[in-house]
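> Letter by letter, the chains look like this.
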Amino acid sequence: MKTQIRSESYKLVTTRTNLGVAAGMVALIALAVLLHTFGLSLDRLSNVAGQRGVLIDVGVRLGTLFAALLGALAITSEFRTGTIRPTLLVTPRRTKVIAAKSICVLVAGAITGLLAAGTAAGVGSIGLAARGVTIQLTAGDITRLLLGATLAGALWAVIGLGVGAVVRAQVPTIVGLFAWVLFVENILGDVPSWQKFAPGSLGQALGGQVRDGILSSAALAAVLLIAYAALVALAGLTATVRRDVA
Amino acid sequence: MRSVDTTTDPVVVRRLTKRYGRTVAVDDVSFTLKAGTITGFLGPNGAGKSTTLRLLFGLAAPTSGSALVFGHRYAELPAPASAVGAILESGDFHPARSGRGHLRMLALAAGISWERVDEVLAQVELVPKAAARPVRTYSLGMRQRLGLAAALLGQPRLLLLDEPINGLDPTGVHWLRTALRRFAADGGTVLVASHVLAEVAQTVDRVLIINSGRLRADAPIQELADGRNLEDAYLQLIAEAAS
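Protein chains in written order, with our numbering: chain A, 64 to 309; chain B, 75 to 317.
Do not rely on the hints blindly, as some may be mistaken.
[Said to hold, decoys possible] Label pairs and their calculated CB-CB ranges:
{"no.": "1", "chain 1": "B", "residue 1": "Glu189", "chain 2": "A", "residue 2": "Val286", "range": "46 to 54 Å"}
{"no.": "2", "chain 1": "A", "residue 1": "Ala193", "chain 2": "B", "residue 2": "Pro169", "range": "38 to 46 Å"}
{"no.": "3", "chain 1": "B", "residue 1": "Arg210", "chain 2": "A", "residue 2": "Ala309", "range": "19 to 27 Å"}
{"no.": "4", "chain 1": "B", "residue 1": "Trp188", "chain 2": "A", "residue 2": "Val170", "range": "16 to 24 Å"}
{"no.": "5", "chain 1": "B", "residue 1": "Ala206", "chain 2": "A", "residue 2": "Ala298", "range": "34 to 42 Å"}
I should point out that these hints are in silico values taken from the structure, not numbers from a laboratory. By construction, the Cβ of each residue, glycine as well, lies at the ideal position given by its N, Cα and C atoms.
Just chain B, same shape as in the assembly:
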């Protein structure tokens, strides 16, 4: 399997804009993610976080600007599953297919072995009995674990996670936080969109705040919070943007 170019920044977004008719979902957004960092992606509902991620994944085409992953448009990555792991907010499982079946179907398409499927299932602590059941029987937390297993399947260097802690129990949250820190310490890059500010404050190095499609802040967490807690800083920024 070809590996990705590790000399370019994992994510480079330049003047990214996406319009739907007269609505501007993402408005002239630029940012860069450096290798080995965890970045929090914050903003109110409908601010443009998920749209930005969809543009990065090539699920939607930008109206203008560019979103590059390891120097490529996502669609042109040589082996996308081994470069980027994703959790999308929507879940995206077939309710009648088993968790293991979901991963096997992705593994087949990516040319990844089924042994690796069992490996990631063990990693996210989905026991074989649960993995064999249809996803419709899963709790929200189990779905999140399955989503995470799918993201880790190709041993990617970049994780783009949309609300990965929704529905996770405290053990799961702790496990995820530890796993992400270890991943970044090994040189991996993480972008995590979340509404859980207290969790973000504990985990990330850097924060991007987006509101009404525009990037309002792009700063290291210490600098942004500046002695206050992240929640106060966030609420003030959103209020300023609204006025």
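The following block holds chain A by itself, in its conformation from the complex:
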């Protein structure tokens, strides 16, 4: 297992894909946060709820999305380039391969989530200061955002891996994940009693978001998101073990 984890983590760092994904995420978050801090009315930005809303919404949402992307790429790029075959020839026990990948993307996803929240908080503070708005968020709020985004990123990376292992094809996997996070979860806003149990909203709850459609208990949100990630990972494992590799 240790050897497989070494191999899987080596794969994550030996192409520039993941570095590019991270750089793209940082740029996108910085742009979104700046647009919000300069574009929204001062009424909305000067209170704690408004500031929290912007930073968590952008930081956690994009952090989890890119973490999911990283997890999905870890398996779909193997199918796209065919490296899944040499991988399985060296390690024919597929459970071991998926378990090692899960552990590696869990860590990489955590880093992605932390980076996303850190970018949102940093750029947000600069933007608000530049606009002359006093920052109402406490150190506790920021810590909660960073920790929540780290956990959400870790779990969402595993979700991305599981979805990728089931779908296998890269483009449909990525389109599916983007559509879910950016579109389906938004529509669920019409039904807040459902929205709060959606995996993206659970990530927001972990980051400390407070509004309709977000669970108020971080502990419950963590338990539910862990359960989602475990279920999707199990589906990915089952699909990998039972299906032929072309």
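For chain A, the structure is supplied; the task is to place chain B on it using the hints.
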């Protein structure tokens, strides 16, 4: 590293069948490979050669029958990389990863040292400068050499090679032929699927011919060719199978 059981035949395929829906890709195929031999695996495109290899590697599960490597299903081999080396037709490299990176990633998973990676790179004559470049910049011949380096990485006792000479230059073909003969002389076993009959005739001891999923011939090369050249014997068999 645990070594493989050398008392059992390296490959034993028994009544192997693989269906995809109503298509039968491999149909009741049986054969055995003996240690120290080179066997050619011939047949038209889509005959079932690559599917048979994928079943041997456990990439696909047989509908019925069995394919054993050193007495085990591939997935149950104690140290697969040190038992079996493979070249698959599809290439299977990440275009952005370097050749050396590809081998290192496999070495890490197999618990093989990175010194061994440099050894096999030298063996297949991929110079360090080339090995450091992304695979997307490689010629077909360089990809074949890299594939071969991956196959040799764990010092296996059995090589299963799908079209290993595609794209190799004459020097490369000569080198491969010599290397395979030396490998077999040392007790290694080789199965090589190929369309290049003239090359096969020069290299192999035995020939398996498969067509439409069924094994049409399993004989020593002298017996099969029987005074004719291998191409005539092959074309006649395929024609008979089609009628």
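> Is the gap between the beta carbons of Trp188/B and Val170/A within 16 to 24 Å?
holds (23 Å)
> Between Ala206/B and Ala298/A, does the beta-carbon spacing fit 34 to 42 Å?
Given range 34 to 42 Å: holds, Cβ gap about 39 Å.
> Return holds or violated for the Cβ distance of Ala193/A and Pro169/B against the range 38 to 46 Å.
Because 43 Å falls inside the window, the suggested range holds.
> Holds or violated: the 46 to 54 Å window for the beta-carbon distance between Glu189/B and Val286/A?
Taking Cβ atoms as reference, Glu189/B and Val286/A lie about 47 Å apart, which means the hint holds.
> So does Arg210/B sit 19 to 27 Å from Ala309/A, Cβ to Cβ?
holds (22 Å)
The structure agrees with every numbered hint stated previously.
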